[in-house]
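Undergrad: Chain residues, written in single-letter form:
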Amino acid sequence: MSANLSAIFYLISGVLFILALRGLSSPETSRQGNFFGILGMTIAITVTFLSVGNFSSGFTYVLIFLLIGGLIGAFIAYKIPMTAMPELVAGFHSLVGLSAVFVAISAFLNPEAFNLGSPGSIKLASLIEMSIGAAVGAITFSGSIIAFLKLQGIMSGSPITFKGQHLFNALLLISIVVLTYLLCSTQSSNFFWIMLAVSFLIGFLLIIPIGGADMPVVISMLNSYSGWAAAGIGFTLENSALIITGALVGSSGAILSYIMCKGMNRSFFNVILGGFGASEQSASSGGKEQRPVKSGNAEDAAFLMKNASSVIIVPGYGMAVAQAQHALREMVDTLKKNDIKVTYAIHPVAGRMPGHMNVLLAEANVPYDEVFELEEINNDFANADVAFVIGANDVTNPAAKNDPQSPIYGMPVLDVEKCKSVLFVKRSLSPGYAGIDNDLFYKENTLMLFADAKKMTEDITKNL
Amino acid sequence: MEIDPFIFRLSIFILSIFIGYYVVWSVTPSLHTPLMSVTNAISSVIIVGAIIAGLAGNSDGNFTISNVLGFLAISLAAVNIFGGFLVTQRMLQMYKKKIKNK
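Those protein sequences? They're chains A and B, same order as listed. To get the numbering used here, take the position in the first sequence, counting from 1, and add 66. Going by the numbering used here, 70 is the number at position 78 of the second sequence; the sequence numbering is gapless.
It is worth saying that the hints were derived from the structure and are not from the lab. We treat Cβ as the ideally placed atom computed from N, Cα and C, and that holds for glycine. Any given hint could turn out to be false.
[Claimed, not checked] Here are the computed distance ranges between Cβ atoms for each label pair:
1. K229/A <-> I(-1)/B: 42 to 48 Å
2. S241/A <-> L7/B: 28 to 34 Å
3. L7/B <-> T108/A: 21 to 27 Å
4. S3/B <-> I130/A: 35 to 41 Å
5. K189/A <-> M(-7)/B: 17 to 23 Å
[As the list claims (entries may be wrong)] DSSO-like cross-link-like pairs, simulated, lysine-lysine; straight-line CA separation at most 27 Å:
6. K360/A <-> K89/B
7. K229/A <-> K402/A
8. K521/A <-> K402/A
9. K89/B <-> K145/A
10. K402/A <-> K89/B
11. K407/A <-> K328/A
12. K403/A <-> K89/B
13. K88/B <-> K189/A
14. K467/A <-> K484/A
15. K89/B <-> K407/A
16. K407/A <-> K509/A
17. K88/B <-> K360/A
18. K360/A <-> K509/A
19. K467/A <-> K89/B
20. K403/A <-> K528/A
21. K88/B <-> K229/A
[Stated by the list, open to error] Here chain B is said to cover these stretches of chain A; the calculated rule only asks that three of the stretch's residues, wherever they fall, bring their Cβ under 8 Å from a Cβ of chain B:
22. 76 to 89
23. 263 to 277
24. 452 to 458
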């Protein structure tokens, strides 16, 4: 197959990838979008086979490895519970990063295969491009591994910080640039390997100081990195499908990071520099006087809801942890049978990744037109009878609106306190991730339900 | 004077960033998780490079390190491609509208 013809097919798959993302603008078109994505990928792979045109013994191996990877991927895709989606995505990002590194090393060792010159005299532009691809790939890989371990709970979610961390990271970043420069001027492979090692290290160091609830930003950011790594390799291989995809994924991840940061009213650098919730946050947790709380049981909650005419449900990460989405849906079904209007309110940073709550509710068969984003539903709280907060905390904290001292001041929050009564399903009174007390717990119209989210929801359903 | 082909690739890259910017802003927030899994799947088009690396210059079964790294990269990217698209499909199947008459 001629180089020009295959370039045109790569362009077509790039366009199909754009359509795949475009399809996600609404759930109706999304399935078609995914199909376009699969088609684009099939075209790209087929064209590559045809253009290499080398059906020797190596070809069998390519197919075998493709099949092994494909089977593992398909198996994971069918087995993974929806609550584990953040871990899965983090894990997948690490694979993209690592394969970018492998391709870059492979191109560095055997540049003839990619028309990049010969070992020891690789074209300057190619060398820079593959260094960028390899470095960003390595950062994506080790960063995603840490994110995965934190999400999986293998590693503690609390930030790990040490003195001079930022300075050290900055020095490492500068050293990558210097090493790339040395690599280009000397063509010595030693600099390439050191640069790779430093990149792996920096990915690791970048993510360890970031705490558990900042994971939505981290995952989006790593998503973005995996795109830039692919684009870097795309320049090396002169492949437009890879360049287009890399740019799409890179900007997609960047936008998601921005949305997540805005949802927390924090700057991107504030999140990346990390340590939130670990350091001197004495602001409001100083005077720990025992304030009275009204706590109730499932019967009280059922009574309140039975007499309501509208209920708004506010899910959070706790719902995912307790796997309470199905129990919640059953409770809502019972409420609806009693002609009670039920809607769901989702904060942008609820859960551990963008859209996490929406997927869980969709899994529990909640129709997506009953689920609303913060701006759409925030005015409805004033007219609702009951707000049922399940596993969320900081995103409802009124301190974000009226306490300039609070670390979360300025963050957009759900106006839960405007409801006639608030039900809080929580395991204990412990403060949320931000380490600050929630005034809502002590309000006159708040009823705390101390229990596991799933068990409490089931009990309420029995009492309805 | 002839323009370096690099400039054309750079143009594709820059314009694609803009396309990405507008397309992603139009994605509904409730589909942000499928967006991440599908972007993950499509970024595995890096498999194209892995296939070239795996097939490069061998005809008699003597594989170089470069070939082996290509094979490994093929497996990793394949996990992502199949895993990413299938899990996206699985998620998207779940998004349903309210059924009006029970």
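Undergrad: Could you run down the list of hints and mark each one as holding or not?
TA: Each hint tested on the structure:
A beta carbon spacing of about 46 Å between K229/A and I(-1)/B agrees with the range 42 to 48 Å that was offered as a hint. Under the hint 28 to 34 Å, the C-beta atoms of S241/A and L7/B, about 33 Å apart, fit the expected range. A C-beta distance of roughly 25 Å is found between L7/B and T108/A, which places it inside the suggested range of 21 to 27 Å. At about 38 Å, the CB distance of S3/B to I130/A agrees with the hint of 35 to 41 Å.
The given range of 17 to 23 Å is respected by K189/A and M(-7)/B, whose C-beta atoms sit roughly 20 Å from each other. Taking the CA atoms of K360/A and K89/B, the gap is about 38 Å. The hint is violated against a cut of 27 Å. Using a Cα cut-off of 27 Å, the hinted pair K229/A and K402/A is violated, with the two alpha carbons roughly 55 Å apart. Proposed proximity of K521/A and K402/A is supported: the alpha carbons are some 20 Å apart, at most 27 Å.
Under the criterion of a C-alpha separation no larger than 27 Å, the hint pairing K89/B with K145/A is consistent with the structure, at around 25 Å. The suggested pairing of K402/A with K89/B holds, with an alpha-carbon distance near 16 Å, which does not exceed 27 Å. Of the pairs offered as hints, the one joining K407/A and K328/A is violated, with about 30 Å between alpha carbons and a cut-off of 27 Å exceeded. Restraint check for K403/A and K89/B: the C-alpha separation of about 18 Å stays at or below 27 Å, so the hint holds.
Annotation: proposed proximity of K88/B to K189/A is violated, straight-line Cα distance about 52 Å (limit 27 Å). Restraint check: the Cα-Cα separation between K467/A and K484/A comes to about 13 Å, which is no more than 27 Å; the hinted pair holds. A C-alpha spacing of about 16 Å is found between K89/B and K407/A, which places the hinted pair at or below 27 Å, so the restraint holds. A C-alpha spacing of about 24 Å is found between K407/A and K509/A, which places the hinted pair at or below 27 Å, so the restraint holds.
Distance hint between K88/B and K360/A is unfulfilled; the C-alpha atoms sit about 38 Å from each other, more than 27 Å. As the CA atoms of K360/A and K509/A are separated by approximately 8 Å, the hinted pair is consistent with the 27 Å bound. Between K467/A and K89/B the CA atoms are separated by roughly 34 Å; this puts the pair beyond 27 Å, and the hint is violated. Distance restraint check for K403/A and K528/A: the Cα-Cα separation of roughly 14 Å lies within the 27 Å cut-off, and the hinted pair is therefore satisfied.
Restraint check for K88/B and K229/A: the C-alpha separation of about 50 Å exceeds 27 Å, so the hint is violated. For the region 76 to 89 of chain A, the assignment as covered by chain B holds, since 8 residues bring a beta-carbon within under 8 Å of that chain's beta-carbons and 3 suffice. Counting residues of the region 263 to 277 of chain A whose C-beta sits closer than 8 Å to any C-beta of chain B gives 0, which falls short of three, so the coverage hint is violated. For a cut-off of 8 Å, the count of residues in the region 452 to 458 of chain A with a CB near a CB of chain B stands at 0, and the three-residue condition is violated.
Violated hints for the displayed structure, listed by number in ascending order: 6, 7, 11, 13, 17, 19, 21, 23, 24.
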